[in-house]
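Undergrad: The residues making up each chain are set out below.
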Amino acid sequence: MNKNKEQLLNKRYKAEQRFRLYGLSAIFMALLFLTIFIFKIFSTGYSAFQKTWLIVPVTFDAELMMLDQNPSKEDLQDADYYDIALKSMADLDPNANEDQENELKRMVSYFFEKEIKNELLNDPYLIGKTKEVYLTASDDLDQVFKGNYPRDLPEDQRRVSDYQLKIFDQLVANGKVESKFNISFFTNADSREAELAGIASSFMGSIFSILVCLMIAFPVAVLAAIYLEEFAPKNRFTDFIEVNINNLAAVPSIVFGLLGLGVLLAIFQLPRSTPLVGGITLSLMTLPTIIIAARASLKAVPPSIREAALAMGASRMQTTMHHTVPLSMPGTLSGTIIGLAQALGETAPLILIGMVAFVNTIPGSPMDPAASLPVQIYIWAESAERGFVEKVSACIMVLLGFLIMMNLFAQIIRHKFEKKWS
Amino acid sequence: MNLILFTFIVLLGFTSYYFGRKKAYTIQSTKKRLTALPQFYGYYLAIWCAIPAFIIFSLWAIFEPTIVKLLILSDYSNQGYLDDELNLIYEKTKALSRGQFTGEITPFIEASAEKYLSLRSIAQSSKVVIVLSAIISSVAYAYKRISSNSRTREPVEKFLNAVLFTASLAAILTTVGIVFSLIFQTIDFFKVIPLFDFVFGTHWYPAKAFVRDSSEALDPTMYSDTFGAVPIFAGTFFIAFIAMCVAIPIGLMSGIYLAEYASTKVRQYAKPLIEILAGIPTVVYGFFAALTVGPFLKELGTLMGLEVSAESALAAGGVMGIMIIPFISSLSDDVITSVPQSLRDGSYAMGATKSETIKRVIFPAALPGIVGSILLGVSRAIGETMIVVMASGLAANLTLNPLESTSTITAQIVVILIGDQAFGDPKTQAAFALGMSLFLVTLCLNIVALRVVKKYREKYE
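Those sequence lines, one after another, are chains A and Y. At position 235 of the first sequence the residue is numbered 235 (my numbering), and the sequence of numbers has no breaks. At position 302 of the second sequence the residue is numbered 302 (my numbering), and the sequence of numbers has no breaks.
Be aware that one or more of the hints could be misleading.
Unchecked claim - With a Cα cut of at most 30 Å, we get these calculated DSS-like pairs of lysine-lysine:
1. A/299 to Y/265
2. A/419 to Y/359
3. A/3 to Y/127
4. Y/454 to A/14
5. Y/454 to A/420
6. A/299 to Y/359
7. A/234 to A/176
8. Y/271 to A/14
9. A/420 to Y/459
10. A/14 to Y/298
11. Y/31 to A/299
12. A/14 to Y/455
13. Y/265 to A/234
14. A/299 to Y/69
15. A/146 to Y/265
16. Y/127 to Y/158
17. Y/265 to A/416
18. A/11 to Y/354
19. A/73 to A/131
20. Y/298 to A/5
21. A/419 to Y/265
22. Y/459 to A/234
23. Y/455 to A/5
24. A/419 to Y/127
25. A/40 to A/180
26. Y/359 to A/420
27. A/416 to Y/271
28. Y/298 to A/40
29. Y/455 to A/234
30. Y/454 to A/299
31. Y/359 to A/11
32. A/420 to Y/455
33. A/3 to Y/359
34. A/234 to Y/158
35. A/40 to Y/359
36. A/420 to Y/265
37. A/299 to Y/354
38. Y/265 to A/40
Just so you know, the hints here were simulated from the structure itself, not pulled from any lab data.
Make the full structure from the sequences, and use the hints.
TA: Written out as structure tokens, the structure reads:
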């Protein structure tokens, strides 16, 4: 009898431990996913911050460039650089035949002509002399140098030929290949060529969208929250507004994209693909988030504050505007920043209003066509070229960096400025 | 031009505020009692400046284009043009006046363009004159009116109250906007495609509708068997089901652990860490699913001798599940912590272990709230777009095999609407019809979930 009881008790204790273990392993799994995730992004992305350069001796031959003895600035601008550029690449292998010369040319980006031109414009006295110039390597060689490209594939499945690899290895052995910090990733707009593609246009697009979103959503949401929390009579209509807000907060983001397409683009005829439309669409999406946060922080201001102000003879509007609202601002602001962080990561609605268009210029205002960082991630992720994989990860790192900063900022505002009532 | 005028009006507003306050001080200096603080006199005047400006600006924005258009097109009346042709002429005129016209320029249109420009400049200058004179006269009237015993605080506060009320209508306007933008296209769609075919058809192949010469008349028989949404609805719920299979056990168990077992220190670190998962943009999850999880599952499948598509429903659903974990864990954590301590104490007093208390007492008590959180998770899974677009297929297969690729409502909307759309095309309208069904499904889920959670909260508060 006693033994039976003990067995039962043991069983119950074991069940207790098992249950506890389930819970612990669930948390462990969730954190494991997070770790794998971050590790994967960082391990594929960090190499995009380095860029491979080939150091190629270029002879600035005045005759080949069709230049006179004493060329003016304009002459230098208009000179023909293609031939010397081609020649300096071909000179890497004196025995190259025509096909191989072509392959040599494709070892650098199509931008190489311009890089050589800039070199001469910086120093016009180079004419007739030979100088080693840094040229952007093609994205395939860039990947080879970073070790991301499988060299043991059969030649016909590779985008780099054996010949190009041979020359490249010679250059590496001579120390003529260098890896430097990839500034152009931050200053260039999007490009079809992975080695030249950068995030500048999508970054500006994101900034403009977020600014438009902030300028619309923040005032409207705060005013709405003040009305609902401080002035609204309790009746059916205000209940209806509340239900509406709560529902809007859970409507899928793509539906807001359809709203932007069907109303902003089709009816109001606003320009397509612009951060202006993107920002308005995102502001409708973040509106409920900010309203809910602002209401919560207005609610957290204790009634004694209001009563004190009213007792001093302030009107209800004065009480609200001079006391309640300023005290609720830290909470409202941190809620706003969190809402903006959500909007910053949003992709689907922006795709629908056409912000996926290929934009190779940097937008100067919210009325210019642009992409945004998450949309850029989508565009690059859909490209087949291997060079874009690390770019996607690097772009994700930039985006996550921004999101983390915004969230930290929200935390700081909340902890530093919010009054604790007790 | 408008910007300069706007800045000028703002400046006028500040000036009238200043004058209002100054007048109040003057009244005060004559030892009369004011009925409100001096700045209210300022606000009062500023409002008298803003309201007429706002009214005239909006009236102008509404009526100016129509009136200009009427005046321009009056030249072309009695010439037997159709409405569409008149519209075209007007568009050409506008383009020419902006210097963006590239077609053949006829003298008629050139004359209209000149007229258009002169009309616009007349309109502009008359707008400036009317707005400024309206502002000045209304401010002057109000300035004369204010005296020591005139009420200024009440009207100002009434005005502010009206502004606050208008702002609170924004949420309703957004909902109306959503319904409005979806419903017309949806109705047009169902005029061409019978509702029955959409709801019960099993073939979804919208690309077929695209291979049509736009000059051809709409032929409904062409679209039979093209817009059957069953595979898409099935795919949507299937992927959401897979996601919930991942998210419910992990989310619920971690919620329970955090609420009942974890020490304050563990809770302090683990909870925000898990919530990071909710803050990661979905496009990033999509990239992760397509780059890592999909190929991994495919390799795993080949090892076990299974045929796994690189874009399987399992990859998309699984990653979506990870994304939903924090929603379920933090909501169920909240719900469980709000179960009154007395229930726990009672159960412990009867000799129950902690897990028995959780399973037999707390879980049943918290069940409505947990169900609510799960429903919100389902609604999020159904509305999730980027993961599916990037990691699952775009072809709508009707399948229940998680290793094959399927498509969802959201993915189809993106596929149809990416790039240029022609409104009035059944393919575009189909995307809006899908959006409408998505909106309705998630709306029902949200309303039920929010009700359940609210009822539950009221029970224990």
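Undergrad: Could you run down the list of hints and mark each one as holding or not?
TA: Against the structure, the hints come out as follows:
1. A/299 to Y/265: Between residue 299 of chain A and residue 265 of chain Y the Cα gap is close to 29 Å, so the pair holds against 30 Å.
2. A/419 to Y/359: violated, 39 Å
3. A/3 to Y/127: violated, 98 Å
4. Y/454 to A/14: violated, 37 Å
5. Y/454 to A/420: holds, 26 Å
6. A/299 to Y/359: Answer violated: residue 299 of chain A to residue 359 of chain Y is near 35 Å, above 30 Å.
7. A/234 to A/176: Cα-Cα ~76 Å, so violated.
8. Y/271 to A/14: holds, 27 Å
9. A/420 to Y/459: holds, 27 Å
10. A/14 to Y/298: Roughly 38 Å separates the two Cα atoms, so the pair is violated.
11. Y/31 to A/299: violated, 42 Å
12. A/14 to Y/455: Roughly 36 Å separates the two Cα atoms, so the pair is violated.
13. Y/265 to A/234: violated, 42 Å
14. A/299 to Y/69: violated, 52 Å
15. A/146 to Y/265: Roughly 42 Å between the alpha carbons, so the hint for residue 146 of chain A and residue 265 of chain Y is violated.
16. Y/127 to Y/158: holds, 29 Å
17. Y/265 to A/416: holds, 21 Å
18. A/11 to Y/354: holds, 14 Å
19. A/73 to A/131: holds, 20 Å
20. Y/298 to A/5: At roughly 51 Å apart (the allowed maximum being 30 Å), residue 5 of chain A and residue 298 of chain Y break the hint.
21. A/419 to Y/265: holds, 24 Å
22. Y/459 to A/234: holds, 21 Å
23. Y/455 to A/5: violated, 42 Å
24. A/419 to Y/127: Since the Cα atoms of residue 419 of chain A and residue 127 of chain Y sit roughly 49 Å apart, the hinted pair is violated (cutoff 30 Å).
25. A/40 to A/180: holds, 23 Å
26. Y/359 to A/420: violated, 36 Å
27. A/416 to Y/271: holds, 21 Å
28. Y/298 to A/40: holds, 18 Å
29. Y/455 to A/234: holds, 19 Å
30. Y/454 to A/299: holds, 17 Å
31. Y/359 to A/11: Answer holds: residue 359 of chain Y to residue 11 of chain A is near 16 Å, not above 30 Å.
32. A/420 to Y/455: holds, 29 Å
33. A/3 to Y/359: Holds: residue 3 of chain A and residue 359 of chain Y sit about 26 Å apart, inside 30 Å.
34. A/234 to Y/158: Holds, because 19 Å separates the two Cα atoms, which is no more than 30 Å.
35. A/40 to Y/359: violated, 37 Å
36. A/420 to Y/265: Given pair residue 420 of chain A, residue 265 of chain Y holds - Cα atoms ~21 Å apart, limit 30 Å.
37. A/299 to Y/354: At roughly 36 Å apart (the allowed maximum being 30 Å), residue 354 of chain Y and residue 299 of chain A break the hint.
38. Y/265 to A/40: The given pair, whose Cα atoms are some 28 Å apart, holds under the 30 Å limit.
Of the numbered hints stated above, those contradicted by the structure are hints 2, 3, 4, 6, 7, 10, 11, 12, 13, 14, 15, 20, 23, 24, 26, 35, 37, listed in ascending order.
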